[in-house]
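For the numbering used here, add 21 to where a residue sits in the sequence shown, where the first one is 1.
By construction, these hints were calculated from the structure, which means they are not laboratory data. For each residue, glycine too, the CB sits at the ideal point set by N, CA and C. Be careful, since some hints might not be right.
[What the hints assert, rightly or not] Estimated spans, in silico, between C-beta atoms of each pair: (1) His328 - Gly194: 34 to 44 angstroms; (2) Glu505 - Glu444: 21 to 31 angstroms; (3) Glu576 - Tyr609: 25 to 35 angstroms.
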Amino acid sequence: MIENYPKIGIRPTIDGRRRGVRESLEEQTMGMAQRVAKFIEANLRYPNGSPVECIIADSTIGGVKEAAAAAQKFSGANVGVSITVTPCWCYGSETMDMDSSIPHAVWGFNGTERPGAVYLAAVLSAYAQKGIPAFGIYGEDVQESSSEEIPADVQSKLLQFARAGLAVAQMKGKSYLSMGSVSMGIAGSIVNEQFFQEYLGMRNEYIDMSEYVRRFEEEIYDKEEFKWALAWTKENCQVGADNNPQHLQISAEEKEKQWETCVKMTLIARDLMIGNPVLAELGFEEEANGHNAIVGGFQGQRQWTDHFPNGDFMETMLNSSFDWNGKRAPYLVATENDSLNGVTMLFNYLLTNTAQIFADVRTFWSPDAVKRVTGHQLEGEAAHGILHLINSGSAALDGTGEQRIEGKPAIKPFWEISDEEAEACLSNTQFRPASQEYFRGGGFSTDYLTKGGMPVTMARLNLVKGLGPVLQLVEGYTVELPEEVHHILDQRTDPTWPTTWFAPKLTNSGSFQSVYDVMNNWGANHGAISYDHIGADLITLASILRIPVSMHNVEESRIFRPRVWSLFGTENLEGADYRACQNFGPLY
22 MIENYPKIGI RPTIDGRRRG VRESLEEQTM GMAQRVAKFI EANLRYPNGS PVECIIADST
82 IGGVKEAAAA AQKFSGANVG VSITVTPCWC YGSETMDMDS SIPHAVWGFN GTERPGAVYL
142 AAVLSAYAQK GIPAFGIYGE DVQESSSEEI PADVQSKLLQ FARAGLAVAQ MKGKSYLSMG
202 SVSMGIAGSI VNEQFFQEYL GMRNEYIDMS EYVRRFEEEI YDKEEFKWAL AWTKENCQVG
262 ADNNPQHLQI SAEEKEKQWE TCVKMTLIAR DLMIGNPVLA ELGFEEEANG HNAIVGGFQG
322 QRQWTDHFPN GDFMETMLNS SFDWNGKRAP YLVATENDSL NGVTMLFNYL LTNTAQIFAD
382 VRTFWSPDAV KRVTGHQLEG EAAHGILHLI NSGSAALDGT GEQRIEGKPA IKPFWEISDE
442 EAEACLSNTQ FRPASQEYFR GGGFSTDYLT KGGMPVTMAR LNLVKGLGPV LQLVEGYTVE
502 LPEEVHHILD QRTDPTWPTT WFAPKLTNSG SFQSVYDVMN NWGANHGAIS YDHIGADLIT
562 LASILRIPVS MHNVEESRIF RPRVWSLFGT ENLEGADYRA CQNFGPLY
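The task is simple: from the sequences and hints, build the whole structure.
Here it is as structure tokens:
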């Protein structure tokens, strides 16, 4: 895959009046830009772990010629996000960034000596009038003109905007690779090209699952890597008990062949997504290119899994932060080719750089139901009930919660994961022979139990005829049940699948009056679960893409959208969000 990460362009705008005014502001204005660039580069990273890069305009921008010069510089430097900073009055429509295809924010310094806030209001008005939504950043407390501090509230908004803006920029021009077609009539696997093109700036690529068979038979994979990958798998991946009835169990020799197929599938899926130069050395130059896919989906059921091993091992290893090659960034693959859940995983991932859990939103367990079935009284975060997130596909090994931040279960970017944590994720996972009733071709299902106590956010993108895409999200916590209680509940479904027990935060309003309401209002059968409470970042990202948020439990004080959203109403923010998104339409 072509990796040229987008940069953030910093635009120091200034009062253009010479003979004393502009000259007195040059150092302060350029200093703001340099401090913002340094702050962002110190606090944000790209998916490969390198610091985010900022590009500063060559000069302060006092008029249209300098604005054009900055735009030209940014165009040649792959700038995908624009931040304008100023301590003073500037000429709004003359100095603004007019590129309507990238996200914009403006920080107007809150000081009394010069009217930075006046420029902020004026230029945001121009952005609204021209139909280019921009984020306004204005510190709550007045600062001294000599201050070189970026206040905490400004820092928070800069990072929130920059994270979301970079996510938008990183998706643009990439592909969603559909490996197969529609799985079992699941609507999310009916890939909607118009959505990908108009809202995300992405293209769609497709292969038939028979491409895997061709690559098996013609050996279109790195055979040396296959040898060490298979050896690593045998050494590190525990095979769990076979739950199939005796007459459906297969021989050890057949399981050995299935392991070989599962490992080959993993190599092939990765090569299909991002390419592999080794294939060119083997004489397969076309296949070496891949499909430039930042995310993909594997249909699997049923056309593949009725005959071949399922995709669980493949999806688990690709979605995880490590494999036989060591620690690395995840390759996002959606089970059952659910492109909408794949996109949601992508949103979460680009905001956090962490692996994602793909899960069925399977069951709501009320306290009364748990008490009746197990005799256990739910308490703590789970006191009002829990959701059983359990998937008949895969979930990243990171989802075990065996990584640690300050001694607590967590999911971390790959560059922060220790060897011991990676080993713990593996040692707390079993690969169980797949249920032959579901998967006639066999394979191995990923089986683990997520540690409790992790702050997480579950999200889902849905498509509605006449409305378009809608995002919903819920922040909450993973829950750890007593071992016997988990066992009783787990046995009621398929115990060979990975389980996450999830307790949403309740707000006593809307869809969050009860855990039942969360389940009852969820828009589809799948959800994408990310470490940490990232709901506010998701809302910011959705607003840039013009995707309304239909359901969330994020505090109002954390919500950050373009300033023009307030002109669509300030009393009912959900309604204003819908109206603004409809008015401005898809980003592309």
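Here is what the structure says about each hint:
{"no.": "1", "hint": "His328 - Gly194: 34 to 44 angstroms", "in the structure": "36 angstroms, holds"}
{"no.": "2", "hint": "Glu505 - Glu444: 21 to 31 angstroms", "in the structure": "27 angstroms, holds"}
{"no.": "3", "hint": "Glu576 - Tyr609: 25 to 35 angstroms", "in the structure": "31 angstroms, holds"}
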